[in-house]
Amino acid sequence: MKMRGYVLRKLGQTVLTIFVVLVFNFFLFRIMPGNPVRILIRNPKISAEALQRITEQFGLNQSKFVQFGYYLRDLFTGDLGHSFVYRKPVLDVIMEKLPPTLLLTGTATILSIIIGVILGVIFAWKRGSKLDVAGLSLSLVLYSMPSFWVGILMVMLFAVYWPIFPIGGMSVPGTYYATIWSQLGSLLRHMLLPTVTFALILIGEYVLIMRNSLLEVMSEDYMLTARAKGVSNRNLLRRHALPNAMLPMVTLIAMNLGFIVGGAIQVETVFSWPGLGRLMYTALMGRDYPLLQGIFLFVTVCVVGANFCADLLYRYLDPRVKS
Amino acid sequence: MQSLVSVDQLEVHFAVRTGFMQSMFGKETPVVRAVDGVSFELGKGEILCLAGESGSGKTTTGKAILRLVEPTGGKVLYEGEDVRSYNRLRLRAFRQEAQIIFQDPYESLNPRQTVFSTVAEPLEVNNLCRSLAEKEERVAQALVDAGLHNPRELFLRYPHELSGGQRQRLAIAGALVLDPKFIVADEPVSMLDLSIRAGILKLMVDLRDKKGIGYLFITHDLSLAWLVSDRIAIMYLGKIVELGSADKVIKEPLHPYTRALVSVIPTPRRKVITQQSLLKGETPDPVNVPAGCRFHPRCPEAKPRCREAVPLYREVRPGHFAACHLLDS
Amino acid sequence: MTLLEVNDLTTYYKLKEGRVRACEGVSLRLEKGEALGLVGESASGKTTVALSLIKLLPENASIAGGSIKLDGKELVTAAEEEMRKIRWKEISIIFQGAMNALNPVRTVGDQIAETLKIHDKLTDREAWQRTRALFEKVEIDPDRVREYPHEFSGGMRQRAMIAMAIACNPRLVIGDEPTTALDVMVQAQVLQLLQQLREEIEMGLILITHDLSVVGETCDKVAVMYAGQIAEYGPTEEVFTRPAHPYTRALIAAFPDIEGERALASSIPGNPPNLLYPPPGCRFHERCSEAKPLCREAQPRTININNHHYASCHLLDRQVKSCRA
Amino acid sequence: MLQTQTRKDRFTLLKKNLSTFWGVYRENTMGIAGLVILLFFALMALVGPHLVTYTGEIEGAEMVLQPPSAAHWLGTDDLGRDVFAGVVVGSRISLLVGLAATVISMVIGAIIGIAAGYYGKTVDTILMRFTDIFLVIPWLPLMLVMAALLGPSLGNIIFVIGITGWAGTARIIRSQTLSIKERPYVERARAIGSGDLHIMVHHILPNVFPLIFANTILVAAVAILSETTLSFLGMGDPTRMSWGVMLHFAFEMGAVSFGAWWWLIPPGVCVVLVVLGFTFIGYALDEVLNPKLRRR
Amino acid sequence: MVKHTRWLTVLAALMVLALFAGLIGCSPGESDRHVLRVGFLREIEGLNPMTIWSYQAYEVMNLNYNRLITWDENMNVVSDLAKEWEVSEDGLTWTFILHEGVKWHDGEPFTAEDVKFTFEYIRDNELGYFVDYVAAMTDIQAPDETTVVITLEEPLAWMPNILVPILPKHIWENVDPEEANSDYENSEPIGTGPFQVVEHVTGEYTRMAANKDYFKGAPKIDEVIFQTFANADLMVQALKRGDIDAITSCPAAQFKALQEEAPEGIKLLDAMTPAFTELAINVWDDPASNGNPLLRDPKVRAAMEHAIDRERVLEVAFFGYGETGSTLVPSVYDFWHLKLDADEFRSFDIEKSKGILEEAGYKVGSDGIRASADGEPLSFTVSVRSESPDSRKAAELMKEWFKEAGIDLKIEVIDEGTLTDRIYEGDFDLFIWGWFVDVDPSSILKIMTTGEIMSWSDSFYSNPEYDELYEKQQFTLDLDERQEIIHEMQRIVYEDAPYIILSYDPELQAYRTDRFKGWVQNPAGGPVMFTNTIETYEKLEPIN
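Protein sequences, first through last, are from chains X, W, Z, Y and C. If you count the first sequence from 1, position 285 lands on 285 in the working numbering, and the numbers rise without skipping. If you count the second sequence from 1, position 124 lands on 124 in the working numbering, and the numbers rise without skipping. If you count the third sequence from 1, position 82 lands on 82 in the working numbering, and the numbers rise without skipping. If you count the fourth sequence from 1, position 156 lands on 156 in the working numbering, and the numbers rise without skipping. If you count the fifth sequence from 1, position 364 lands on 364 in the working numbering, and the numbers rise without skipping.
Isolated chain X (complex conformation):
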């Protein structure tokens, strides 16, 4: 019952958050300077009647309240509006760009979590050693670097100076591959630089978090108990320290999603990766407001949803909050 109550409460909070984001999103795009219809149309030659028609179509002649109603109705039917650059429903455009982003961010995130956790553990375990100091400094430097800048340096080094990797994109358009393996090979070649860039940025943070979290845990009394019990170092780490230290990681990985989305915009822009991040950038550059609004909403709802899942996962992992 308590678990169910918790899930319900969290769900309620999540729904509330999404609702506020919706409201925010609605008004954000309606307080902008200029005539929304003009921005929606972008055709200076449009006739007065056509303007009128569009105004009615979007309900812009109605009160803000009614407009909000329309907006909600459209959202619930999956209508995120119409991109005026692509002349397509926004949701279609987003869905088209989602898989590449998931591939890139997913790979980079998993990679960075694995490496970050392992390194974090090593550094924490050898705290104070030269290795720790070097690792910590490197992590801090990685953490301090703007993602796009790392990306540019990567391109400059590995695609221009030593042209071993493609400049960008996800594939060479219009190429026919003899086998699925050569296609996969080409994809991996394209993926490598952006993934490494992305992972580098994330690793720094995960190392720091993991190291701190583990250090915190290692100073706890129960670690002393475990040591007193004669538990071997290996088991001390694996069975006593890690389960506790990994708990904050779960939350932080979820909280980091927002950061990952931000990173995706930068990395995808630099590497011309055909994903949501770059779509957002082009929408921004083209002032494609409906698309921009749609992506923003989509991404936010995804992140909020992921946080909800992380909360539940945390609840599941940590026995202290279960009952």
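None of these hints come from the bench; they were simulated from the model. A hint or two may mislead.
DSBU-like mimics (lysine-lysine), calculated; alpha carbons at most 35 Å apart, straight line [what the hints assert, rightly or not]: (1) Z:LYS16 with Y:LYS15; (2) C:LYS352 with C:LYS399; (3) Z:LYS55 with X:LYS130; (4) W:LYS248 with W:LYS44; (5) Z:LYS14 with X:LYS130.
Some chain Y residues judged to face chain W by a derived CB distance under 8 Å, without partners named [what the hints assert, rightly or not]: (6) THR12; (7) LYS15; (8) GLY48; (9) PRO49; (10) HIS50; (11) TYR185; (12) GLU187; (13) ALA191; (14) HIS198; (15) HIS203.
Computed from a predicted model, the values in this text were never measured in an experiment. Where a beta carbon is used, it is the ideal one built from N, C-alpha and C, also for glycine.
Put chains W, Z, Y and C on the given structure of chain X with help from the hints.
Leaving out everything else, chains W, Z, Y and C in the frame of chain X:
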């Protein structure tokens, strides 16, 4: 003795925080009955001790009297006037006369306030001093009163630069500076080492003798209670089970719970525990208070009746109150 | 038969400001099955002694001298690998604050069974069976072995810690303030349990506490620590009835006794010294009402008063007295 | 906060507090390194722009995109301007944006955090729900959207970064406030008749202040990174040179094609150094102000 | 936990292995197909001819569809779908004879009915930008399969330049006009052109396959792929690496870098296009105007022009590519362009600029800024599009010169969308933007007519004399006579200077000559792609 504070059927119930959803679905909100009908009187210049284990509601009672916790029922009369009816202004005036001293001198002093600011703050908050010189004078006097003999040297020190005993004295000085008539002392020495406890207790008793301050002394240590107080009230799960003069309660306890407590009073020179049959279990959670006599599940002498009816709190002997069915027959 | 013999144990902490002499020249002896109380006020070095005995000192602390012999085996020079085998099998420890001493994300039973698996090489099933038996022994419902520490009350947690400590039938258990945070009644229960168990399995016990009464209750011998040194050491009865050291005397006098007179004792003036800069001579002299000029200059010797009753005070030293006279 | 008799006493006290703080801080190598880095850049931002001239060398197209030389230490950019001068001039805007945004964040964060923690109940619920929402919204898209809607200007970018960065701070301050609120000295303050405002200003604020300060440092690092990123993505004010704007133009105007590494690397390195400087100090403060960590 | 770690290790190992495999894995397999890859910086926003608006999308449309006519390299109108045509004496009836045997991509025959349908569909539904060409057609007839007869309201000077793609009736008659003007994607466009779109990935690339049945003969290459790059640098690198074969609209900076490097096998083409970049001035004399009123003084505008060194702007902002500008019709259109005499042209001379302002009563204030007699300072804001870094550079240069002349110039960078919005509300002082000029000068001249205020006009210029001349040239069929009128119109606009035309823009292209041959510049000296015609694509041959 003239009554200073009179508590009548005081109740403090907290609602357990539950989710929005749960309250939506009409679930009854569980209530913590921290204090559940407590009555006693405290005379001018009297030291009344409120003793009991953790979770018995003694601290909450103390705070409720000062309205640091809002009571949910009952009356608290201070010099005949109901504290609960005070408006903001009257409450402010009341708080100048009624002070509180906390258990942990490491926690009860703001680490970023100097000794001077700590003691002067009550004066400033209540706008009691016209000039800086007067303020300094009163602060210095309060520090001396609290047994800190070189007050002006201490003015610019921070609490962490003082020893444990000095800190508790500083806390007392912070209370004394307003010339209170009533002090709630919440376990004032339990965090201090044995070697410095006696000094603090002595100071408090001396202040009572000199200034006629009435104390509500809250402690879990019955031997301390016996040493310093005039009367002792024993609390169990939000209720007073026994109240009487210090000697009577300790030497001739009426209630089985008091007897059990007294039997385990620590003393270095005798072995009590090993021979005793002790009370089983721990104090239950004040959310699920047992029916009938609250003590019955742990009472070695419980009768069937104890499970059903709430025992009456009454004057068993002159000036000695208790609530137990076994005393009724 | 001597179980534990500690001679001249000295442990320092290194801080930026200098060395903290947390424990200096501590000598103790514990016979098999005997209980020793180590009493002292906060920061007197009690816990340092405990951690030194089991060699679990923090990184900035080290044993600077002396010896610890368990059954004649020297521990000070023992390698970490060896200590790991000795710990819990031979010496176990009950830490203060059981909430923090138990791993919050693992069940209580699991943590006890783990110990058994490590030291007694029990199979999973055997370990859990024994864990249930231990729960029964410390009077907790064995069906609660699969619960987490936060589901236990304070007293139960301390019982579970005791169960863990006696899991491998150690010859020596160190209890570091095992009852401090508990209510009187629960404290009495726990002490009673410890006493029963000690008799049952014939283990040695070192009980570290700031509470004199706890020692009086359970221990055969008592050692009173002051500022990192042992002030007085002897059979409990003897020390409590005929305290030799002025500090012990003052401490006992300050303890409220409901059988005694209803009056406030006088406290010991001043505060314990900062162990970074301990005072010269006797470390108690600044607070001692009977201090002589010599006390300010020379460290007192340890005097054997009678039959295993020792104290370190110039006032008891016949040589000093005769010198003066 | 610190009420003492005379101004002289107050000064003595301040000196004492600072020297205590400095005594601990100076032991921290990381903290000193961070301080040195930041002082260097602060000096650069304050004095630098008066020493260098950063205008287009209209005189000749032959000066465009020259590699580093004695005359131009870090080469020239697409308008023949000295990159070194650009980095120096840019430091002012980068730091200004970072610091101004941080101040906005901290003020909002501290007020919301303290209010939520202190008043609790409904106030807390509402404020924290609001904070949580801000906490989960992905910040870069939000900033980009807002910057795009408001248009590129220095004020807007400060506003956008400031308004999005406070949520984490508010949470931390709130939890600290919650714990301080429960301390007996706050209860004591109430017992002597202090009002809410008095308690918040005299008891809560001084005790959360170290946390606010340590957090400021970390938020500043993020703010400077945000400025760089926003400007790089074209949301900055292109008429005011900052490191991010410089990188934006370098990327847009063909630094990669030209192989003009001297135009891409220095601003980036500056950003990394400043962020690193802030992070170092943040870490050091964390250690200095949090005794639990100091032991390690 | 144990299991987890093991799994993670396996996963990590697999990933490393896969990446390694990717590294040594084959580079994109070269098959025997010949694919032309063209890179540019803008996306192709769609495939529906009625809604697209970018230059790049038009190129795709031009490859996919044919028009009735096209041009030879001397800008003479030549046959496309229309084999030949004739006009009646009165200039009102045009008869087009179409090629025979032309087939749509889906195999259906192309007939005169398709042409009739297309023109009527656009005219009756006012679709897209094409309506201008067909609006004046009062009657369209298709008497037989290869003949189209068009009747006009009045004789038009620009006929027969009907720049409308001919659509297949059998497809488009089923398309709701409302849809056609908005959502219709036209995802598999059926046309008659040499290539047909077979794959279109939004914002990434558009792949077109050769039409083997093309009526002018099958193209010699198999595919054309138009690829969008987010950044010019990456595009140039891709060309250098051979990932793509041609780039168009290359920014000057990158082009300059390429030129300096002069990589083997790459031809660099600095071609003139009929486009110009102007400093537009808000001269709107109306209460609704939010522009600085001082800009309505032609003397101020003249002084501003004297303070602009066009050569230097070209040199620094545009790396010396292109030509300095002057009048409305670009020099590429030699016949219509008015070449000003040296004394007419307001050349760079800050002293002269100062003189004009001094004479007009603008005195220098203490801050070095001139002010009118009323004390209004000559302080203007120039809006620069964030999309165009080049114009920002130009503005920065002007700022310096203006300061010397005593005019304060502030630079404001805003995006095109916002600027468009502001322009139509008359809420600006100055901005820098450009126009691409049609083959016939009529359309560019039209923007300066009074009737275009609140529509295409963006400097709000109004001059009755000019308006009259505009009407007159539209119906003047005699070329020389029309040329004279058009020259006069250009002179008037130059005199009044609502625009200061900074430059005639180049189209910077680069293409690999080691992979393909047969690149055609059309018009002569012009670009090879993204021009008036698609000859290059029709003629390009792979080099084996």
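Going down the list of hints, with the structure as the test:
no., hint, result
1, Z:LYS16 with Y:LYS15, "holds, 22 Å"
2, C:LYS352 with C:LYS399, "holds, 17 Å"
3, Z:LYS55 with X:LYS130, "holds, 26 Å"
4, W:LYS248 with W:LYS44, "holds, 21 Å"
5, Z:LYS14 with X:LYS130, "holds, 21 Å"
6, THR12, "holds, 7 Å"
7, LYS15, "violated, 11 Å"
8, GLY48, "violated, 38 Å"
9, PRO49, "violated, 39 Å"
10, HIS50, "violated, 40 Å"
11, TYR185, "holds, 4 Å"
12, GLU187, "holds, 6 Å"
13, ALA191, "holds, 5 Å"
14, HIS198, "holds, 6 Å"
15, HIS203, "holds, 5 Å"
Figure legend: structure checked against the earlier numbered hints; hints not met, in rising order: 7, 8, 9 and 10.
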